[in-house]
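**Q** Now for the letters of each chain:
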Amino acid sequence: MNYLLSVLVENKPGVLSRVTGLISRRGFNIESLTVAPTEDENLSRMTIIVEADEVGFEQITKQLHKLVSVYKISDLTYEEAVERELVLFKVQSSPERRHEVIEIANVFRAKVVDVGKNTLTIEATGTASKLDAMEDLFRSYGIKQLTRTGKIAMSRGAHEQ
Amino acid sequence: MITVEEKIARRQRAIEGRPFGPGSHTEHEGKTMTGAQAIIASLEAEGVDTIFGYPGGQAIKIYDALYDSKKIHHVLARHEQGATHMADGYARATGKVGVVLVTSGPGATNTVTGIATAYMDSVPLVVITGQVTRGVIGTDAFQESDIVGITMPIVKHSFLLQSTDDLTRTFREAFYIASTGRPGPVLIDIPSDLSGSEMVFHYPDTVNIPSYRPTYKGNAKQVKQAAQLISEARRPLIMAGGGIVASHACPELVELAERMQIPVVTTLMGKAAIPCSNPLNLGPVGMHGSKYANMAVTESDLIVACGARFSDRVTGKVSEFAPHAKIIHIDIDPAEIGKIVNPAVPIVGDVKVVLAAINERLEKMGAAPVCEAWRDEVFTWRERWPFYTSDFADYPDKIAPEVLLETLSAKLDPHASIVTTEVGQHQMWALQNIHREHARTFISSGGLGTMGFGFPAAIGAKIGCPDEQVVCIAGDGSFQMNSQEMATAKINGVNVKVIIIDNRALGMVHQWQHLFYNDRFSFTELADNPDFVKLADAYGWQAARISHPDEIDAALDEMLAADGPYLLDVVIPAAQTVYPMVAPGAPIDDIIGALDVTLGGVRVTEKGFGEAGRPRPSHEGVDE
Chain R
1 MNYLLSVLVE
11 NKPGVLSRVT
21 GLISRRGFNI
31 ESLTVAPTED
41 ENLSRMTIIV
51 EADEVGFEQI
61 TKQLHKLVSV
71 YKISDLTYEE
81 AVERELVLFK
91 VQSSPERRHE
101 VIEIANVFRA
111 KVVDVGKNTL
121 TIEATGTASK
131 LDAMEDLFRS
141 YGIKQLTRTG
151 KIAMSRGAHE
161 Q
Chain Y
162 MITVEEKIAR
172 RQRAIEGRPF
182 GPGSHTEHEG
192 KTMTGAQAII
202 ASLEAEGVDT
212 IFGYPGGQAI
222 KIYDALYDSK
232 KIHHVLARHE
242 QGATHMADGY
252 ARATGKVGVV
262 LVTSGPGATN
272 TVTGIATAYM
282 DSVPLVVITG
292 QVTRGVIGTD
302 AFQESDIVGI
312 TMPIVKHSFL
322 LQSTDDLTRT
332 FREAFYIAST
342 GRPGPVLIDI
352 PSDLSGSEMV
362 FHYPDTVNIP
372 SYRPTYKGNA
382 KQVKQAAQLI
392 SEARRPLIMA
402 GGGIVASHAC
412 PELVELAERM
422 QIPVVTTLMG
432 KAAIPCSNPL
442 NLGPVGMHGS
452 KYANMAVTES
462 DLIVACGARF
472 SDRVTGKVSE
482 FAPHAKIIHI
492 DIDPAEIGKI
502 VNPAVPIVGD
512 VKVVLAAINE
522 RLEKMGAAPV
532 CEAWRDEVFT
542 WRERWPFYTS
552 DFADYPDKIA
562 PEVLLETLSA
572 KLDPHASIVT
582 TEVGQHQMWA
592 LQNIHREHAR
602 TFISSGGLGT
612 MGFGFPAAIG
622 AKIGCPDEQV
632 VCIAGDGSFQ
642 MNSQEMATAK
652 INGVNVKVII
662 IDNRALGMVH
672 QWQHLFYNDR
682 FSFTELADNP
692 DFVKLADAYG
702 WQAARISHPD
712 EIDAALDEML
722 AADGPYLLDV
732 VIPAAQTVYP
742 MVAPGAPIDD
752 IIGALDVTLG
762 GVRVTEKGFG
772 EAGRPRPSHE
782 GVDE
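Respectively, the protein sequence lines represent chains R and Y. Heads up: the first sequence begins at 1 in the working numbering, then just goes up one per residue. Heads up: the second sequence begins at 162 in the working numbering, then just goes up one per residue.
Among the hints, a few may not be true.
Unchecked claim - Taking lysine to any residue and the SDA-like style, the derived pairs with C-alpha atoms no more than 20 Å apart in a straight line are: (1) R:Lys62 with Y:Pro530; (2) R:Lys130 with R:Lys12; (3) Y:Lys378 with Y:Ile169; (4) R:Lys62 with R:Glu51; (5) R:Lys66 with Y:Pro314; (6) R:Lys72 with Y:Ala496; (7) R:Lys62 with Y:Val502; (8) R:Lys111 with R:Pro95; (9) R:Lys12 with Y:Pro314; (10) Y:Lys385 with Y:Pro530; (11) Y:Lys378 with Y:Pro412; (12) Y:Lys232 with Y:Gly182; (13) R:Lys62 with Y:Asn503; (14) R:Lys62 with Y:Ser472; (15) R:Lys62 with Y:Lys378; (16) R:Lys144 with R:Val87; (17) Y:Lys487 with R:Asn2; (18) Y:Lys231 with Y:Thr187; (19) R:Lys12 with Y:Gln323; (20) Y:Lys651 with Y:Gly754; (21) Y:Lys500 with Y:Arg522; (22) R:Lys72 with Y:Ser372; (23) Y:Lys695 with Y:Asp724; (24) Y:Lys500 with R:Val87; (25) R:Lys12 with Y:Gly310; (26) Y:Lys500 with R:Val55; (27) R:Lys72 with R:Val113; (28) R:Lys12 with Y:Lys378; (29) Y:Lys232 with Y:Ser185; (30) Y:Lys500 with R:Ile73; (31) R:Lys90 with R:Tyr141; (32) R:Lys62 with Y:Tyr377; (33) R:Lys66 with Y:Pro375; (34) R:Lys66 with R:Asn11.
To be verified - Restraint ranges, calculated between C-beta atoms of paired labels, are given here: (35) Y:Asn369 with R:Gly150: 28 to 36 Å; (36) R:Gly150 with Y:Trp673: 43 to 51 Å; (37) R:Asn2 with Y:Arg179: 43 to 51 Å.
What the hints assert, rightly or not - Some chain R residues near chain Y, calculated using beta-carbon distances under 7 Å: (38) Gly21; (39) Arg25; (40) Gln63.
Derived by calculation from the structure, the hints in this document are not laboratory data. Ideal Cβ positions, reconstructed from N, Cα and C, are used throughout, including at glycine.
Just chain R, with the same shape it has in the complex (with noise of 0.2 Å):
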């Protein structure tokens, strides 16, 4: 199954090259990975979501632990967590179909960032399944090019850090 982490690590070079070639050589793959500096400038938060069993994903955060680089690293998975992704789609639309693309854009609260002569570029954020949805909707329209960021995330209420 997927697997959900939040680690901060070290914000230094080499550190994001630590974190993947440990999970990669413990014979792991790598779903999704987000990066990037947290409010203090010496720290980075990466999400990664990994695919494991349970012993599998229990050695991972073991192993990440051991790193001198690494600080924290919170378990998502079961968590009450607000997971957030962002998506950019760049839609085939002839000039008379854009109100189509533009409506469906709307439903799903997302924006309109860029309009060309035959496409319409669209900013989504939300759920892995929300974009999914899109995805699928706009696929009927001929999607030239698509962009996700991977998926962050953090705990929510109490949960500092």
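Assemble chain Y onto chain R, guided by the hints.
**A** Chain Y alone, transformed into the frame defined by chain R:
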């Protein structure tokens, strides 16, 4: 000589985060100097008196600063791999951190096998590599290699120094990380422009790494559970690993074993965790362990694994490993717990501290041994399946490695000698037949199985412990992987002895080819070996060759008495096999070639007790 008390005190100091040496109290403190001088001053602040290395372009400034040091003795190896193994042997023998200094590019990459060896066996090293200047990093500059990237999977931690402001703190952290928790190698990569920059030297006396906090004390509830299980077990067994050696937990281990009369099996890294003279010590377990030790694991109802990681060389087929046993697993590394086997009681902590707590708990409980029947039964197995008996010889006119090593063992003072090994058949014969009384006196590459380790490690061990007789047991294949270090031994006056158990083959693979590949000896025959005696002579060593059993005694006497390094080439039959053996992937009670004295001392291959059955009716308390 470093006493055990000093080693324990050093570890305590390490855990407290204090430097091993004078720290800020050196004459360098507060002085303006170059980065290179600060590197040497940092080593002096850590109390380092010996380093192993090899100079080169990007390390030249550091070597220039080293030229002025009156405190640090530098051992010039003949290859950076040799230097790294020497530092490793030095660290294993002394309990100190081994320090390596090499240049960038090939100098750095040549340390990789040495670093991996230390990583697999949890040996504290600090490896300092020169790097090209910061301005040209990433441009494929001459002798540039991304050594931090290359070594990432095989270091405990690494640093690429970015500024002289971080220099002294980096050294303190490197020594702290290498020597605490589960020890391991730490690499510091230093761009040469930083070695040339000026800075003011201040050495920190403390260390603070929020993301690195090893657990030393075991959870009280789990300690209590463990003590309860131990006090009740009818067929308990202790499995002692390298963690006992690393944390100096031998007294606590012996106390537990003796208090409860629990037999002890040892992994390769745990050899001599309990003295070989202690009857409770059943010795090596696993692929080339004794049949009695392996049978004890299989029949046991409780295994207390202390600083051991359930390597495949110990467990054999995991699903049939210790099928009747609950497992208590004590380890300082949480990632080891649950990695291979699922313990009933997991305890994360320093094995010395945890065993002391368990002993204290047992004392409070007034626990008395309840497993004497089991212990006595296991002892009868030891009589039944010995490693070797003198009336047994595969090749009567030839030298039997077991006899050679038993004779050597009897001649060595176990209180004043260190034995190192290379990797292969000879390593297993040494493991089986060399008698040891103290931890850190049997040095061998366990996890990585590095051929070429044992000889340079012997040089490092001898430099660290000059009063001990240091003997390397090598194979003719392994020895040739780092034989150039004979020059290092000669030039530095390092009085090591090397015994080559010479079968003119890569014996272990040869043995597997014999047993599992229909005698197809694909590239394992080394018929064109050099004349080792002449080779030794060329390096200014004394040397001799023997091939008849009658020569063993005198030859060993001459070797051990020799003033200066000495090589003894011992010719044995190429087809000599190491037994007993468990085939890879087989359960560890499925044993090839164990001697069974109840059948008249023949080698038998059978699972468990075989046709002869259990030697006597099962004792009470068997409840399968």
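**Q** Now tell me, hint by hint, if it's right for this structure.
**A** Taking the hints in turn, this is what the structure says about them:
| no. | hint | in the structure |
| --- | --- | --- |
| 1 | R:Lys62 with Y:Pro530 | violated, 36 Å |
| 2 | R:Lys130 with R:Lys12 | violated, 34 Å |
| 3 | Y:Lys378 with Y:Ile169 | holds, 16 Å |
| 4 | R:Lys62 with R:Glu51 | holds, 16 Å |
| 5 | R:Lys66 with Y:Pro314 | holds, 12 Å |
| 6 | R:Lys72 with Y:Ala496 | holds, 15 Å |
| 7 | R:Lys62 with Y:Val502 | holds, 15 Å |
| 8 | R:Lys111 with R:Pro95 | holds, 17 Å |
| 9 | R:Lys12 with Y:Pro314 | holds, 17 Å |
| 10 | Y:Lys385 with Y:Pro530 | holds, 17 Å |
| 11 | Y:Lys378 with Y:Pro412 | holds, 17 Å |
| 12 | Y:Lys232 with Y:Gly182 | holds, 11 Å |
| 13 | R:Lys62 with Y:Asn503 | holds, 15 Å |
| 14 | R:Lys62 with Y:Ser472 | holds, 18 Å |
| 15 | R:Lys62 with Y:Lys378 | holds, 18 Å |
| 16 | R:Lys144 with R:Val87 | holds, 13 Å |
| 17 | Y:Lys487 with R:Asn2 | violated, 31 Å |
| 18 | Y:Lys231 with Y:Thr187 | holds, 13 Å |
| 19 | R:Lys12 with Y:Gln323 | holds, 11 Å |
| 20 | Y:Lys651 with Y:Gly754 | violated, 41 Å |
| 21 | Y:Lys500 with Y:Arg522 | violated, 28 Å |
| 22 | R:Lys72 with Y:Ser372 | holds, 8 Å |
| 23 | Y:Lys695 with Y:Asp724 | holds, 18 Å |
| 24 | Y:Lys500 with R:Val87 | violated, 38 Å |
| 25 | R:Lys12 with Y:Gly310 | holds, 14 Å |
| 26 | Y:Lys500 with R:Val55 | holds, 8 Å |
| 27 | R:Lys72 with R:Val113 | violated, 36 Å |
| 28 | R:Lys12 with Y:Lys378 | violated, 31 Å |
| 29 | Y:Lys232 with Y:Ser185 | holds, 16 Å |
| 30 | Y:Lys500 with R:Ile73 | holds, 19 Å |
| 31 | R:Lys90 with R:Tyr141 | holds, 10 Å |
| 32 | R:Lys62 with Y:Tyr377 | holds, 16 Å |
| 33 | R:Lys66 with Y:Pro375 | holds, 9 Å |
| 34 | R:Lys66 with R:Asn11 | holds, 17 Å |
| 35 | Y:Asn369 with R:Gly150: 28 to 36 Å | holds, 34 Å |
| 36 | R:Gly150 with Y:Trp673: 43 to 51 Å | holds, 46 Å |
| 37 | R:Asn2 with Y:Arg179: 43 to 51 Å | holds, 45 Å |
| 38 | Gly21 | holds, 5 Å |
| 39 | Arg25 | holds, 5 Å |
| 40 | Gln63 | holds, 5 Å |
Violated hints, in rising order: 1, 2, 17, 20, 21, 24, 27, 28; the structure is consistent with all others.
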